[in-house]
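Order-wise, the sequence lines are chains A and B. The first sequence begins at 17 in this note's numbering and counts up one residue at a time. The second sequence begins at 17 in this note's numbering and counts up one residue at a time.
These are calculated hints, taken from the structure and not from any lab test. Worth double-checking, as some hints may not be accurate.
[Unchecked claim] Here are some chain A residues the structure puts well away from chain B; computed CB gaps all over 12 Å: (1) S57; (2) R63; (3) T66; (4) R82; (5) R85.
[Unchecked claim] Straight-line alpha carbon distances no greater than 25 Å define the calculated SDA-like cross-link-like pairs of lysine to any residue that follow: (6) A:K110 x B:K52; (7) A:K110 x B:R23; (8) A:K110 x B:E95; (9) A:K110 x B:V89; (10) A:K110 x B:A151; (11) B:K52 x A:S149.
Since the structure is predicted, the reported quantities are computational estimates derived from the model, not experimental observations. Note that beta-carbon positions come from the ideal geometry of N, C-alpha and C, so glycine has one too.
Protein chains: 2
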Amino acid sequence: MQCPIARSLERVGEWWSILIIRDCVHGLRRFDEFEKSLGISPNILTRRLTGLVEAGLLERRQYSERPPRFEYVLTERGEDFRPVLAALLTWGNKHFAPEGASVVFGNRETGQIADPVMVDRISGRPLSDPVFSTAPGPAAEGDVLERHLRLLNSGIG
Amino acid sequence: MQCPIARSLERVGEWWSILIIRDCVHGLRRFDEFEKSLGISPNILTRRLTGLVEAGLLERRQYSERPPRFEYVLTERGEDFRPVLAALLTWGNKHFAPEGASVVFGNRETGQIADPVMVDRISGRPLSDPVFSTAPGPAAEGDVLERHLRLLNSGIG
């Protein structure tokens with residue numbers, strides 16, 4: 017599949033994988049830390065960690081020789097996943113926290129709670145501005161190209 | 017689970033669900049349109065659509081009486097999921113599109129390709145700025161509160 021959303025989901029399209037990345041962002045590194053945090057069975061955890069290493073989001077590092085022990089550390093690709101977590105957090109706070117937010121982004125300097133929003137770095141405008149729409153990129157072909165041409169023709173894109 | 021990321025994933029934590037929302041954003045509404053776009057089996061599609069309706073992301077609307085036909089339309093909660101899609105798209109373009117981006121956000125006025133980034137609406141600073149960190153919100157308790165206090169104590173938070 018050429019769609020970049022589908023390609024992303026191929027790597028992290030499982031519940032547990034995203035929660036493991038969340039835990040890594042929170043500084044967790046060791047098997048038993050993930051196990052305790054997630055309440056996940058050891059063999060599912062092993063499978064998900066291996067998947068994240070294979071997809072290049074985590075690096076497996078040996079931190080003890082005897083006994084052999086490993087920890088899992090976010091790669092640059094894993095670090096770059098943070099905006100997805102921030103977007104999921106913001107959406108969850110808005111729609112599934114009737115009792116109020118339990119996790120927020122705090123601004124250490126001002127003490128204020130941040131209000132995360134996706135903007136275009138170039139123009140500074142929010143991506144929700146109708147001036148923006150998804151469009152075929154330089155490498156578009158096949159299904160993706162056809163889908164966007166159909167959208168343009170129907171006036172939706 | 018109190019974590020807003022976990023709560024979000026409870027609603028959309030399946031591959032297909034997220035791709036269905038993507039298709040809705042692209043203007044698709046009808047069962048056969050999703051089926052064709054996703055190459056998904058009818059009974060999985062039915063299950064995912066029902067799940068998205070129950071989670072309040074889609075509304076099921078009858079558009080024909082004879083024969084009875086239904087279409088699926090994004091609710092406000094579903095529309096609010098767009099930043100998650102934008103973050104997944106941006107991450108996919110950066111890390112899993114060696115041949116170049118096939119889908120981008122275009123700015124209709126300038127013709128430029130947008131560079132999506134998550135910022136704090138209040139201060140205007142990117143959320144990746146070290147001044148920001150996740151913190152317990154007003155409703156934090158139990159696991160979530162404990163996790164963040166542990167992070168603060170270890171100097172990671």
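Could you grab the alpha-carbon distance between A:K110 and B:K52 and see if it respects the 25 Å cut-off?
violated (32 Å)
Does A:K110 pair with B:E95 here, judged by a C-alpha cut-off of 25 Å?
holds (12 Å)
Hint check: A:K110 vs B:V89, CA-CA at most 25 Å. Holds or violated?
It holds: about 20 Å lies between the C-alpha atoms, which stays within 25 Å.
Verify that the Cβ of A:T66 lies farther than 12 Å from every Cβ atom of chain B, and report whether the claim holds or is violated.
holds (18 Å)
Taking C-beta pairs only, is A:R85 more than 12 Å away from all of chain B?
holds (19 Å)
Minimum C-beta separation from A:S57 to chain B exceeding 12 Å: can you confirm that?
holds (17 Å)
Between B:K52 and A:S149, does the CA-CA distance stay at or below 25 Å?
Cα-Cα ~23 Å, so holds.
25 Å limit on alpha-carbon distance, applied to hinted pair A:K110 and B:A151:
holds (16 Å)
Minimum Cβ distance from A:R63 to chain B greater than 12 Å, as the annotation requires:
Given a closest Cβ separation of 16 Å, the condition holds.
If you draw a straight line from the CA of A:K110 to the CA of B:R23, is it 25 Å or shorter?
Distance of about 11 Å is within 25 Å: holds.
For A:R82, is the shortest CB-to-CB distance to chain B above 12 Å, so the non-interface label stands?
holds (26 Å)
Hint 6 from the earlier list is the only one contradicted by this structure; the remaining hints agree with it.
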